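Visitor: From first to last, the protein sequence lines stand for chains A, B, C and D. FYI, my numbering numbers position 106 of the first sequence as 1185, with every residue one higher than the one before it. FYI, my numbering numbers position 403 of the second sequence as 1482, with every residue one higher than the one before it. FYI, my numbering numbers position 245 of the third sequence as 1324, with every residue one higher than the one before it. FYI, my numbering numbers position 146 of the fourth sequence as 1225, with every residue one higher than the one before it.
A couple of the hints might just be wrong.
[Stated by the list, open to error] With a straight-line Cα cutoff of 30 Å, these simulated DSBU-like cross-link-like pairs (lysine-lysine) come out:
| # | chain 1 | residue 1 | chain 2 | residue 2 |
| --- | --- | --- | --- | --- |
| 1 | B | Lys1081 | B | Lys1136 |
| 2 | C | Lys1493 | D | Lys1081 |
| 3 | C | Lys1518 | D | Lys1081 |
| 4 | B | Lys1493 | A | Lys1081 |
| 5 | A | Lys1518 | B | Lys1081 |
| 6 | B | Lys1081 | A | Lys1490 |
It should be emphasised that the hints constitute simulated quantities derived from the structure, not laboratory data. Bear in mind that the values here come from a model prediction, so they are computed numbers and not experimental data.
Protein chains: 4
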Amino acid sequence: MKSPIPDYLHHVLETARPNEGGAAADYIETLANADTSKMAICLSMVDGNVYSAGDDKIEFSIQSISKAFVYAIAIEDAGLDQVLSKIGVEPSGDRFNQLSLERNTNRPMNPMINAGAITAHSLVVSPTATLDQRTERILNALSRLAGRQLHVDEEVYQAELKDADRNMAIGYMLKAAGIITCDPQEAVRGYIRQCAINVNVQDLAMMSAVLANAGVHPVSNEQIIPQTSVRQVLSVMTTCGMYDAAGDWVSSVGFPAKSGVAGAIIGALPGQVGIATFSPKIDERGNSVRGVAMCQQLSREMGLHMMDASHVARSTVQTSVSTLVEGEHKTHNGSCKREVVVFKLRGAVRFPGAERLTRALARELGQPDPLDEGSGSHADACGIVFSFRDVFSLNFIARRLIHENIARLLKEGKVLVIIDPSEVLEWDKAKAKDGRHPKVVDNETEARDYIGGTGCQAVSQDPEW
Amino acid sequence: MKSPIPDYLHHVLETARPNEGGAAADYIETLANADTSKMAICLSMVDGNVYSAGDDKIEFSIQSISKAFVYAIAIEDAGLDQVLSKIGVEPSGDRFNQLSLERNTNRPMNPMINAGAITAHSLVVSPTATLDQRTERILNALSRLAGRQLHVDEEVYQAELKDADRNMAIGYMLKAAGIITCDPQEAVRGYIRQCAINVNVQDLAMMSAVLANAGVHPVSNEQIIPQTSVRQVLSVMTTCGMYDAAGDWVSSVGFPAKSGVAGAIIGALPGQVGIATFSPKIDERGNSVRGVAMCQQLSREMGLHMMDASHVARSTVQTSVSTLVEGEHKTHNGSCKREVVVFKLRGAVRFPGAERLTRALARELGQPDPLDEGSGSHADACGIVFSFRDVFSLNFIARRLIHENIARLLKEGKVLVIIDPSEVLEWDKAKAKDGRHPKVVDNETEARDYIGGTGCQAVSQDPEW
Amino acid sequence: MKSPIPDYLHHVLETARPNEGGAAADYIETLANADTSKMAICLSMVDGNVYSAGDDKIEFSIQSISKAFVYAIAIEDAGLDQVLSKIGVEPSGDRFNQLSLERNTNRPMNPMINAGAITAHSLVVSPTATLDQRTERILNALSRLAGRQLHVDEEVYQAELKDADRNMAIGYMLKAAGIITCDPQEAVRGYIRQCAINVNVQDLAMMSAVLANAGVHPVSNEQIIPQTSVRQVLSVMTTCGMYDAAGDWVSSVGFPAKSGVAGAIIGALPGQVGIATFSPKIDERGNSVRGVAMCQQLSREMGLHMMDASHVARSTVQTSVSTLVEGEHKTHNGSCKREVVVFKLRGAVRFPGAERLTRALARELGQPDPLDEGSGSHADACGIVFSFRDVFSLNFIARRLIHENIARLLKEGKVLVIIDPSEVLEWDKAKAKDGRHPKVVDNETEARDYIGGTGCQAVSQDPEW
Amino acid sequence: MKSPIPDYLHHVLETARPNEGGAAADYIETLANADTSKMAICLSMVDGNVYSAGDDKIEFSIQSISKAFVYAIAIEDAGLDQVLSKIGVEPSGDRFNQLSLERNTNRPMNPMINAGAITAHSLVVSPTATLDQRTERILNALSRLAGRQLHVDEEVYQAELKDADRNMAIGYMLKAAGIITCDPQEAVRGYIRQCAINVNVQDLAMMSAVLANAGVHPVSNEQIIPQTSVRQVLSVMTTCGMYDAAGDWVSSVGFPAKSGVAGAIIGALPGQVGIATFSPKIDERGNSVRGVAMCQQLSREMGLHMMDASHVARSTVQTSVSTLVEGEHKTHNGSCKREVVVFKLRGAVRFPGAERLTRALARELGQPDPLDEGSGSHADACGIVFSFRDVFSLNFIARRLIHENIARLLKEGKVLVIIDPSEVLEWDKAKAKDGRHPKVVDNETEARDYIGGTGCQAVSQDPEW
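Same shape as in the complex, but just chain A (with noise of 0.2 Å):
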């Protein structure tokens, strides 16, 4: 069986083709002459799947799509607080190339307008870096994130080099400012040079991917920027992305996204996949008018858009109390029913997972509510297990939940194990409170060795363990 994704994308090419509006950039003759024909479009599974459809091999100019990245460089060199005092966030309402900096604060309105990505350059490495030393960097960077060694269009960094009158007054602009303290020229011209690094579809989705993936390669699994600086980019992606119509996009398309003047986007929709699209005829605004167009039915036919919700935590997360009947027994704390109740967890666990957990062993193991039929009927279970067997991860809250939940159980003095084969709890002995530990085993088998151990004999009718 062959894949209907190839096709899909195929299709949503053949839907945006024609499309003619607009015009390819004509400011440089490279672009220019480009071919205008030309059309791509990719995707990149978080790990690391790739479908594309079109031109996907040829080559353009990778242009402001550099800003979003280089703006994660420069958090990464020179710190997130330096950045922000450098650099704002908010949608300017403005073209890419204003001569304007914030009332007040001086700085660039945010890192997606040219004043803001020069800035963004200028911090990378540090502000005293020569400009080979910010090129080599960057260039570093970039491959590393598309999987293969990129290389910078001379042509085009020559041609954008005569025609860069308006950045060399941003540029200067800055400086006066005291926002740059390097040389402008060298700022303007390491940022023109960033400008010119070549790229295909499969490079940009690659590199999407990497964003949509909490900044984890989905090839090599590594982590190549900070999650935080992912959650930094995407939301200035979200609100400065697409230039002066943040909302629009938005409501529209609903993925953070950013167009290249050359024809690409890209788009990433965080946990789910990367986005690239291609095609020179741009509108006047600088955005590819078929790249939108594609990214809007991709929104619209492929559910991307972030605020759809489609009951996401209902199902990520799944909690089934199983009770092991066994009559009564005696415990250094009183008597128990020998019964054995397992809450079981799946799939990344957030706040409303660990919250379902919580609920259920307030309602299971409190004391009966007359309100509540059915609530407090395993109050005097003298076994409980917590399977993680089948969560992938806990997030912060959830972690902080469940670790509470563990400690008033102990307190309570229920025997308590814990299958986490993978370690995604992160107990920590050290930093319990009063001593008290839950038994922390790999399967089932190794739990029902412990609570038949402690008396509490439950025999196990659930096939599930």
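With chain A held as given, fit chains B, C and D onto it using these hints.
Guide: Below, chains B, C and D without anything else, positioned relative to chain A:
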């Protein structure tokens, strides 16, 4: 065991309490006299479970938070196209009560500034409706969202009316621009009346949970707001909800929110939770100082930032392949191996889940690829089972992809059984290509029986089906 | 002989007539139905002589031209300081009906945009006056300026009232900002009523001539507007009168002006002439197309540009020195030459004239300077005459300088006679230093007699006195 | 007698001295180290007479005051049309170093902000000129205006160059917008060099006096700047000279002015006087604090406000009618009364003067009007004399009107004699209609002789001719 969640919320409350910044709004006496020692926080899970801490029964006027919900009502009553033709979706960077309209279109920048909110109000029911009709419509809708009957605070309404000059200016501006067509005095009075509806944090959290739950009321499970409206409202809250610092809010908090001048803030994280906080002291932008602090803490500690991916997709769906070797078998279609391959999905399946199924199908059932060991190992299987028993929902693209997979397998002459007790697949016999259909059954036993009948004598050892 | 001036105005009219640009204002029917073939021009000299051409009896609503005169009335009724605290004087670069106030001060930018004009209206009579009181005050003042009883065009008033949403918005904005304190509806209605007063070009030219004549009515010779108000009004007309192109108007036309949407324009060149034109078709700024053309032609051909100096000063005043040789003479102060030196001024003497007199005094009556042949030649004259017979006026600095000259000469013991039949010198005996006074007489005969009596037997050969 | 004018200027200086507001510009050391106790004031009359007080020989860099004069040079070198296509004339309401251009036209708002001044500089000599050529041109022109050789302060130049980032930004912005076509670095360096030219208040007052004197140098009497350029420069100084408070300056001071960051201010009142003040402490707008105070005092006390009319026109010209009764006389044209009517003008005759003459002619020589007693009393006079002996100049419209009057009188067969020793009438025989010409003579005797010869034996008793 007592749930630690209320304790956590109490902790959040107390962490924010020492912040004495800001002051109660003083433009009307009722607000100026607010007891600034009062604080509350409330979370409503998307299944209706509610946690709160602090003064969670204290009532206050909903104020600008009404804008988000009345925008949804306007979309329902006038249609999204009409609403978009009258109200933009761009962040303004301006004060909430700015006297300005978009260049060219004359529209208010967005529905979260007063000009847009008054316009949205004027679209409720119909442009020719009376003030009373609109008030009744809004009061009913908000009461239904909150799950209890709400009321207008007449004292607040009368006081606001006396100080309504700025809003009257906005109303007349909108009339002059042709944006509203009714009497400006009526529209402004109605808008002020909508802002004077009294709520508490539990009401607001529940109302937000409807937004987080794709428009379905967590308690009644009714679809109160159409899903497209929810997407629109949340999108606009994302970029325009917290007034003139859209980018700062998105990057530092990262969930759609809206604040009111009485000191409340709501937040909604799609698929997860509805949030409400209350503390009367507001900053110069009109946002509750402690409310903002609490939202930041929740975002940070609870991982509520929408750009925090945390590998959601990988875990949401898992594809398992079970093979039941039974030797060769002759079918009408030639010979096949007497084995059945089972593909299981679980959770809320979106594109990434369907993509994984598709990939597994292509790998397992396709021709062997010398570069991919193990690929094509089941190319000759005569029975295939898709189990959707644990699937909560499919979105549009997932369903479309799976339909396409089914069609392709049927075309290849495979025996295909679908276990789909909840009918999430929505297989439409009328629309299927070529009249070919899979067998759809409710459980594993039926699937086994059917395959047995086809001659593919499969006996599963898999304990899971 | 028939005056060619009406012929010239007719020529100006016909030169502008072929310009078919613009269109009659169409926001109310009365203006939209204006007969656009009508045209008129009128000049009023500062002595009340009036020339006109075209449809000089056609009446039309005064509209925004009223702003200039009501600003003057507001200054009279509320005081300049109060008016300045409420209304700025800066050109706005914005549309006349802009909904904006000065940052920081909250004041309307200037009294020529609607916001400033409504504010000025609200200051007429008193902030607590009724609409009728203000209307009566304005109607009376404008009638007095025009020299005939004017009336409100009730049809225009009613029509404007129906289309007053924008102005109502402005009114409420001003109330909200604390700029106006009365009911915004009253202020706006009163403002609209003031704009609906009917005039013809002869009325307007006469009203402008009052401004050109330093506030004195050319016909009645009454001081209708205080001189400081006139200066303020003309200053504001210079920078703000022709809406959003202050600089263009000043450089291309160069006299203070104000236009009205009904098609009229007034201009006033201080000391020279009041101008009014009428032609209903207006451009997108709201200025009459043909009116602007006529003003430009008048400025160019009639030399009305206020920056066109043309040696005014040299000619305005001339200082002649007449000496009447009479031989030696003994006075109480020692001996002097029996000669009398006469200094004559004429015209409106300002600083340059007084400076010339001062310079002549210093040269003629001072000590001989070897480098300046002829200087000091009358150092020993015993009689000095200042003739102000032909002096029309002295300004502050000229009077001050001459007083100082007189004081110094008296201190030197000179016999000094002032011929000043119009008392332009305003010599105040009470204030003179040291009780020393010159002899002030009405004509040459008295001067001659007086000097004769002092022993300086001067017999003039000068035919001029 | 000693002139009190220096004393007055001394008084103005001392009145302003206690004002300790502001601070010396501190962006370069030379300015920061300025001796802030230095103060000077200087007036230059339009005939070259100069008065000064204080530190009138102290030199300082001309800074932005150069903008006014270089604008004039640019108009001379590139033509007004070209200059207007590159630089607007609107007040900006912005800071002097704003990085902004006019919407639509891309032009700098006006030549008094840096962007406009750099553009004007680039138009000096030619767009392809070198920095040295432009500097030489400007230095020569400014030296000629000042009446002595000026020099660049190299220390100031070098220091400003080091702090030129903001201006470099402006230069590149202008290049990018196509406003300047030369190398931005050259344009900015040249501009900085022009600003570093050293002057003292006497230089500046003389330079301003050229502007006040319609472009004619007060001392050399050469036309240094064409009159149309002067008008343009003064117009722009009026609306844009004092940065972002055009309206305030026009209403409170009322003469065209320009300030420089080194602490100087120049002013020019057309036809009257050139003004310069100096005091290094500047306010936040960049205007000298004491300089502004001195200008306000001069305006108030010396009546220098250009909107202060003071009846200039009435006095500038006076028309007297002298009749010499002689009984009946037969002429070729019928019989006439043996009388000669004499019309005299004096001063600088503009429209109002010519209008009065015209009116007098029509009244005296036209048919009797029953409503106007005395009118038509000389309808039958056979000799008419126009005396221009005391006329200093005629402007265009005055000349045109008088020519037309002459033509009409000749057509009626009147004997007409013009006394015009200075040839102000510019009667062009070639152009006269119908070949009819008046007799033009140099003095009264010739006029009398000529009329006697025509048979109109007029013997004047009038002592004035």
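Visitor: When the hints from earlier in the document are held up against this structure, which numbers fail?
Guide: none
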